[in-house]
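Enquirer: Sequence:
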Amino acid sequence: MRMRKTAPGDLPALKALWAQAFGDAEAEIDAFFEALYPEALGFCAEEDGQPIAMLYALPVTAAHDETAVRAAYLYAVATEEAHRGRGICRALMEFAERELQKRYFSCLLLVPADEHLAQYYESLGYARQTGCSVRQLRVDAPKGRALPVSVPDYAGLRETMLFDVPHVRYPKAMLDYESTRAKLYRLELGYDLGCAAVSVQDGVAVVEELLPDLRMLPALAAEIPAERYIVRTPGRDGLSCMAKWLDKTAFGPVWLAFPFD
1 MRMRKTAPGD LPALKALWAQ AFGDAEAEID AFFEALYPEA LGFCAEEDGQ PIAMLYALPV
61 TAAHDETAVR AAYLYAVATE EAHRGRGICR ALMEFAEREL QKRYFSCLLL VPADEHLAQY
121 YESLGYARQT GCSVRQLRVD APKGRALPVS VPDYAGLRET MLFDVPHVRY PKAMLDYEST
181 RAKLYRLELG YDLGCAAVSV QDGVAVVEEL LPDLRMLPAL AAEIPAERYI VRTPGRDGLS
241 CMAKWLDKTA FGPVWLAFPF D
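If you read the sequence shown in this note's numbering, its first letter stands for residue 1, the second for the next number, and so on.
Mixed in with the good hints, there may be bad ones.
[Said to hold, decoys possible] Subject to a maximum C-alpha distance of 25 angstroms in a straight line, what follows is the list of computed DMTMM-like cross-link-like pairs (lysine to aspartate or glutamate):
#  : residue 1 : residue 2
1  : 248       : 261
2  : 5         : 30
3  : 5         : 39
4  : 172       : 213
5  : 143       : 192
6  : 15        : 28
7  : 183       : 30
8  : 143       : 227
9  : 244       : 114
10 : 248       : 94
11 : 183       : 227
12 : 143       : 94
13 : 172       : 140
14 : 244       : 261
15 : 143       : 202
16 : 244       : 140
17 : 248       : 192
18 : 172       : 47
Keep in mind that the hints were calculated from the coordinates and are not lab data.
Let's have the full structure, built from the sequences with the hints guiding it.
Expert: Structure below.
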């Protein structure tokens, strides 16, 4: 077995491994490889010439006030079912960390799928970033307004809202990808401005990001009426992501809005 970067010839095996690990439809898998894989650093464990474990490092920026450093969002970490329990994932994570450190990445970020995985990543040196609040709410009195915006306009708004909050700044390719799954809005409530990324499913509005805080929800509700709203905002009571700092820059807790799941 050896660890290495992925190559174009690995794509059929990587897509098959993805389908086995996460159960996503072919169209969803293809969307990732078309939109984000070209910008990512892919790593795999290989045995008998075939990838048996994988992860993708999506380049982002970790930012706070005037500090901005290179960071990598580790995504789609998976091991083929027949090879689990052999420590392959740990070895691959350690290999990827060494390779990313050589490329001057300061921070690694990931989102665990459950508590068991959160504990596993803690054993690898990742710390929980409790910079998130997730609440289920109703809105009785919508007011203000919500206007659809382009990806560049949304990126500008969120940076204004998050300047003094430790957060992940996404490249355009990742926000483009997110905009195919959620609609992006500028929010206006009196003299207050905000922004939101939201999708609606069966009468429930899933607000993946609401900035700067919950006071802007009535403005979103004025455009998107829903029975209830599941809202993610920066806060202190929930898991935003997990982070491992590779240098002395460390700040936190880091807000990572979109898990891209």
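Enquirer: Hints first: check each against the structure and report whether it holds.
Expert: Structure-based check of all given hints:
1. Between residue 248 and residue 261 the alpha-carbon distance is near 30 angstroms, which puts this suggested pair outside the 25 angstroms criterion.
2. Note on residue 5 and residue 30: the hinted pairing holds, with a Cα-Cα distance of about 20 angstroms set against a maximum of 25 angstroms.
3. Restraint check: the Cα-Cα separation between residue 5 and residue 39 comes to about 13 angstroms, which is no more than 25 angstroms; the hinted pair holds.
4. For a cut-off of 25 angstroms, the pair hint linking residue 172 to residue 213 stands: about 23 angstroms separates their Cα positions.
5. With a CA separation close to 12 angstroms, the supplied pair residue 143 and residue 192 stays within the 25 angstroms bound.
6. With a C-alpha separation of about 10 angstroms, the suggested pairing of residue 15 with residue 28 holds against the 25 angstroms cut-off.
7. The suggested pairing of residue 183 with residue 30 holds, with an alpha-carbon distance near 21 angstroms, which does not exceed 25 angstroms.
8. Of the supplied pair hints, the one linking residue 143 and residue 227 holds, its CA atoms being roughly 16 angstroms apart against a limit of 25 angstroms.
9. Under the criterion of a C-alpha separation no larger than 25 angstroms, the hint pairing residue 244 with residue 114 is consistent with the structure, at around 18 angstroms.
10. Restraint check for residue 248 and residue 94: the C-alpha separation of about 19 angstroms stays at or below 25 angstroms, so the hint holds.
11. Restraint check for residue 183 and residue 227: satisfied, since their Cα atoms lie roughly 18 angstroms apart, inside the 25 angstroms limit.
12. Proposed proximity of residue 143 and residue 94 is contradicted: the alpha carbons are some 50 angstroms apart, above 25 angstroms.
13. Restraint check for residue 172 and residue 140: the C-alpha separation of about 35 angstroms exceeds 25 angstroms, so the hint is violated.
14. A threshold of 25 angstroms between alpha carbons decides the hint, and for residue 244 with residue 261 the separation of about 21 angstroms falls inside it, so the pair holds.
15. Between residue 143 and residue 202, the direct Cα distance comes to roughly 23 angstroms. Compliance with the 25 angstroms bound is thereby established for this hinted pair.
16. For the hint pairing residue 244 with residue 140, the CA-to-CA distance comes to about 41 angstroms; that exceeds 25 angstroms, so the pair is violated.
17. Distance check on the hinted pair: residue 248 and residue 192 sit about 36 angstroms apart at the alpha-carbon level, beyond 25 angstroms; violated.
18. Proximity of residue 172 to residue 47 is assessed by CA-CA distance (about 35 angstroms); at most 25 angstroms being required, the pair is judged violated.
Hint compliance for this structure: hints 1, 12, 13, 16, 17, 18 are not met, and every other hint is.
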